[in-house]
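Undergrad: Fit chains R, L and W with the ligands to the known structure of chain U by using the hints.
Residue numbers (the working numbering), protein chains in the order written: chain U, 220 to 478; chain R, 220 to 478; chain L, 220 to 478; chain W, 220 to 478.
Among the hints, a few may not be true.
Just so you know, same-sequence chains aren't split out, so a pair can sit in one copy or run between any two.
[Stated by the list, open to error] Below, computed lysine-lysine pairings styled on DSS-like, alpha-carbon distance capped at 30 Å:
| hint | residue 1 | residue 2 |
| --- | --- | --- |
| 1 | K221 | K243 |
| 2 | K352 | K436 |
| 3 | K408 | K221 |
| 4 | K359 | K429 |
| 5 | K243 | K429 |
| 6 | K408 | K429 |
| 7 | K352 | K408 |
| 8 | K291 | K429 |
| 9 | K436 | K408 |
| 10 | K292 | K436 |
| 11 | K467 | K436 |
| 12 | K408 | K467 |
| 13 | K467 | K359 |
| 14 | K292 | K429 |
| 15 | K408 | K359 |
| 16 | K291 | K436 |
Simulated from the structure, these hints should not be mistaken for laboratory data.
4 protein chains.
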Amino acid sequence: MKVLMIGDIMGEPGRRSVARLLPKLIANHAIDVVVGNGENVAGGFGITPDLVDDLFDLGVSVITTGNHAWDKKEILDVFPREPRLLRPANYPAGVPGRGSYVFTTPGGESLGILHLMGRAFMPTIDCPFQVAKREVERLKTQVSAIVVDMHAEASSEKMAMGHYLDGLVTVVAGTHTHVQTADEQILPKGTAYITDIGMTGPLHSVIGIKKELAIEKFLTGMPRRFEVASGPTVFCALLVDLDAALGKVVSVERIRMMD
Amino acid sequence: MKVLMIGDIMGEPGRRSVARLLPKLIANHAIDVVVGNGENVAGGFGITPDLVDDLFDLGVSVITTGNHAWDKKEILDVFPREPRLLRPANYPAGVPGRGSYVFTTPGGESLGILHLMGRAFMPTIDCPFQVAKREVERLKTQVSAIVVDMHAEASSEKMAMGHYLDGLVTVVAGTHTHVQTADEQILPKGTAYITDIGMTGPLHSVIGIKKELAIEKFLTGMPRRFEVASGPTVFCALLVDLDAALGKVVSVERIRMMD
Amino acid sequence: MKVLMIGDIMGEPGRRSVARLLPKLIANHAIDVVVGNGENVAGGFGITPDLVDDLFDLGVSVITTGNHAWDKKEILDVFPREPRLLRPANYPAGVPGRGSYVFTTPGGESLGILHLMGRAFMPTIDCPFQVAKREVERLKTQVSAIVVDMHAEASSEKMAMGHYLDGLVTVVAGTHTHVQTADEQILPKGTAYITDIGMTGPLHSVIGIKKELAIEKFLTGMPRRFEVASGPTVFCALLVDLDAALGKVVSVERIRMMD
Amino acid sequence: MKVLMIGDIMGEPGRRSVARLLPKLIANHAIDVVVGNGENVAGGFGITPDLVDDLFDLGVSVITTGNHAWDKKEILDVFPREPRLLRPANYPAGVPGRGSYVFTTPGGESLGILHLMGRAFMPTIDCPFQVAKREVERLKTQVSAIVVDMHAEASSEKMAMGHYLDGLVTVVAGTHTHVQTADEQILPKGTAYITDIGMTGPLHSVIGIKKELAIEKFLTGMPRRFEVASGPTVFCALLVDLDAALGKVVSVERIRMMD
Ligand SMILES: [Fe+2]
Ligand SMILES: [Fe+2]
Ligand SMILES: [Fe+2]
Ligand SMILES: [Fe+2]
Ligand SMILES: [Fe+2]
Ligand SMILES: [Fe+2]
Ligand SMILES: [Fe+2]
Ligand SMILES: [Fe+2]
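The shape of chain U in the complex, shown without the other chains (with noise of 0.2 Å):
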């Protein structure tokens, strides 16, 4: 099975970016379950309706979300009616949605996909560690791939799920900085692990911002309306081929694609 797991899309530059490479990849790479972290696509700030509708039909087979995930109110009553739209799963009981769902193939084969949150500098939500040995025992009770989307912060806190879910998951991947770290690697009891898959936006900004905005910001301590950059973007992903049966990685490959 092949998976491909998109960074944070960042508003329309990162939409249109997914539009034009995406159906290359898939066709290229015959690639079976695309995982997209949509949390900025509307404006930068969240996801709306619509736009989910529209990652659907660009090929993005699962949603997942972060921190962002509540910017637009509208967004609120889809989650709990949407199964393939994720909030991480260490958002306490009682909010909105789910934080995993199980891909099936039309040739039948399944991948858990699990979303979960880091607490360091972020929203403090239940504990992601917690959770993560929770939610994929219940999962193997179904699958035996999982892919994890880890949204967070800091390095040390990825790094420490990546070691913590290492043989029991088939992929740890970060995202949230909105810059790909080039340590993929396969850890030590065979999960392949990255930092952070990167942003898909404008290249030239602050994390796909107006660099203008974003250096005001730290310049004046004043809050400041953001905008997304336009210009140039890059694509970031990452491509899993596995074995759903075995649950085992085949092999992993960082993408950096500019256009």
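TA: What follows is chains R, L and W with the ligands alone, placed relative to chain U:
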């Protein structure tokens, strides 16, 4: 002029990796200047007077540090008297040491090294942007080429600094997260940039720390004495070829080697 | 000279409490100057041009603010042209507005008002301690008595500022936590001090916000639109009698009234 | 039943203040139970086995702690075997010790003591609100009256906890900021509340620390070894008269004495 910038060197494993690989890199690439981040050389926390000498003996020309600069009390006296040992320039007036250095090769070419630290999720010190502009102007009276070690947690703050100094300095390279990023690039106005050079230290670890200890800290919320991990190491650096007279980048290459 | 300092005035309930109580307090105590913190007068978040006028009409002489100074965009133009509306003095150069004001009574007595903001758990701006020393020196060329509104989260940063300015200014009073502290005192070198004056606003609330909304935010980790609570109000202030010529405290009294 | 809750007892000056004042308070007010926060008794950082015994000898019935619970390694073994030494109940499963205790007077009246810790600007542990509800339900099978030590930084989190538990417990009292607040009150459903009891320790200090050291830390951004201040002390407590059978408050009084 060939400049090699090595990211956070982590404990004894990091130093041994530098000892094994740096001489060959210097010889093979005819490297003129080596900037090494030494904030973690002393068991992961700080640097001692002896380890300053060790790094110089290994071929490091100038040592940068960061938030861990002060972990070992015996180093405080070294900062004022050793100009090749830097602490971030935006520590307030009165803090021991300096944040920049002008290195001159035997052939008479000069390079400015400027050390800054971000403030997002970090100690609250003076503004790195204000200080950067002031220090760059001052250094520009002596040199044409400046390389910057921007020690920071948030990807946004590092990218903002890269764009803020784009065209004014030759290189802006991040340190501190201990994970190499895959975004090395030439910014629109000509400055070479990478969000993080990455750690030189134990590969199978949580940012260099024994993974069991880091995981336990996340699971319990209790403070935990950390120890540097062992096993195979990763060496992370950025190799820049630059024209010292013009202050322009000739080429930039990210280095990630395992041994 | 009698100075009344009112803590964060919270929304319409806070303004109505000021309207009911301030005229009587001014009359009964022969108050000469009223310093009121207005960062929350506009529905809990920021201040508008009309509300600036309202506070002046209610008897406030000088308005301080804080981290919420910028919440309403239409106030940005008012800061440069209205010297009696302050933002913290340690916002960096280039930020609109000023951080201090010299008030002169009809009888010709003068008082300096200095507004500072802490950085612990707050926006990262310039150092309040460095700026305090510089601004106090500048104001001392014009006045003998200075009162300081130190807007900060951490009790340690406020107490450190109190001792740092002890003997140099007449009063250091904290704002921002919205809870009055019981530690009003004269510091060893003569400066009157309180860690927080406390909020003027709805009593049965979570720092002025409807309690159900605040609890829900803590329970879910999701962002939540906040609304100012209703019901009985609490009025919190600090009344200082000082010798404006000598810059010395005559007496200090904490005021906490409910209505 | 008369319950005295003493806030963070700071170092030797704090212990000596307790030694001088507590016996008289117990005698004069016929106090039945004393809850004392001991997280800072060992030189400002943590608590040792000997100091646990000292506090019991001085008349403290039950010791609460907080984020500094673990500062002294030798205390770790004491937590599991001494049920009257509490750590916050919302530390995750597997952390040594307990977060609640049922105290029974010689006359046979019982009181539940529940210890919680906030997460805003604090270590990220389990949710204090979820844990509070679960623990209160459990304790209610044994006792009618419960007093809560809510150890937290943010005033909003403490007030939210007060309202969350209003009517379910008898007292919610905050600790940790080391500054007594002036907002003692009976909440709408009958629970006695104060945002912070305040520190018992050196008066002329920065939250108990020598002021010069604290100021230097804010001025330099460098880590600094802290020492407990000396000089006159302040004793801060909350005295609650409650009906243990009904779980209702009879009266509540804030105590702030200097000596
Ligand atoms: Fe994102
Ligand atoms: Fe995010
Ligand atoms: Fe480091
Ligand atoms: Fe660092
Ligand atoms: Fe406020
Ligand atoms: Fe504020
Ligand atoms: Fe404490
Ligand atoms: Fe504490």
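Undergrad: Evaluate each hint against the coordinates.
TA: Hints versus structure:
| no. | hint | verdict |
| --- | --- | --- |
| 1 | K221 to K243 | within (14 Å within a copy, 40 Å between copies) |
| 2 | K352 to K436 | between (39 Å within a copy, 16 Å between copies) |
| 3 | K408 to K221 | within (21 Å within a copy, 39 Å between copies) |
| 4 | K359 to K429 | between (43 Å within a copy, 28 Å between copies) |
| 5 | K243 to K429 | within (29 Å within a copy, 41 Å between copies) |
| 6 | K408 to K429 | between (41 Å within a copy, 16 Å between copies) |
| 7 | K352 to K408 | within (16 Å within a copy, 39 Å between copies) |
| 8 | K291 to K429 | both (21 Å within a copy, 22 Å between copies) |
| 9 | K436 to K408 | between (43 Å within a copy, 21 Å between copies) |
| 10 | K292 to K436 | both (25 Å within a copy, 15 Å between copies) |
| 11 | K467 to K436 | between (45 Å within a copy, 29 Å between copies) |
| 12 | K408 to K467 | within (10 Å within a copy, 45 Å between copies) |
| 13 | K467 to K359 | within (13 Å within a copy, 49 Å between copies) |
| 14 | K292 to K429 | both (24 Å within a copy, 20 Å between copies) |
| 15 | K408 to K359 | within (17 Å within a copy, 46 Å between copies) |
| 16 | K291 to K436 | both (23 Å within a copy, 16 Å between copies) |
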